[in-house]
Amino acid sequence: MSTPRIRALIIEDNQDITANLYAFLEPLGYELDCAHTGTAGLESARRGCFDVIMLDIMLPGLDGLSVCRALRREYAVATPILMLTARDTVADRVAGLDDGADDYLVKPFSMKELDARLRALVRRAAGMQTQAFLQWGDLTLDPAAHTACRAGLPLKLGPTAFTILATLLRAAPRIVSRAELEHAVWGDTPPESGALRTHIHELRQKLDKPFSRPLLKTVPHVGYGLDASAAAENDVPS
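Sequential numbering from 1190 applies to the sequence shown in the working numbering.
It is possible that some hints are incorrect.
[Said to hold, decoys possible] Beta-carbon label-pair distances, calculated as ranges:
| hint | residue 1 | residue 2 | range |
| --- | --- | --- | --- |
| 1 | 1205 | 1390 | 16 to 26 Å |
| 2 | 1418 | 1194 | 31 to 41 Å |
| 3 | 1275 | 1391 | 48 to 58 Å |
Honestly, the hints are just simulated from the structure, not real lab data. Note that CB positions come from ideal geometry on N, CA and C, so glycine has one too.
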């Protein structure tokens, strides 16, 4: 049985460390991307589609703690974050965890331990996504039962539309890129370019057409999301 590929973002300004991470993790099946400043890392993390993020604290421009804080509080990015840093005091570790990091590894570290921690974070996040009951305003979705309702009315969704809606719910209020949605539905082998648009249309017909306020919104050239203002009020069928 093959191990699923882990898509990981490295936010690290030390080129030697980055090269070592690539040399060790890529042969293990990791799909890696990197950024060398805090600002570039924040942009990649909030717009990309990753299973886990490795984040250095001492970065040029925007430091790692600020990046982590912004991802959690401003952009509601839930991707697991592993802090990589030379700071090893209890206060430093607490600061990172308080700002939203999921784990902490002090430099120099064992590459084997890094791999084990990354895989554990990805497994934990996958388990939470599988089990969690999701809600956004009057919209509810039960992944285990494969059911969705809005304002108490069942939504009859096909498997692909259901997966898209679950992905949007888990990310809300963040806008989800087209690439992230395609990966959630089809993995590394998405179909032709019009397929996602067709399923978005199906979802919009079931999710929004019977109601007075639409939930599903399109941000041109960015992606799709769930409207926060519509979620704040209960809706009724029109």
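Which of the numbered hints above does this structure break? Going through the list in order, the structure violates hint 1 alone and respects the others.
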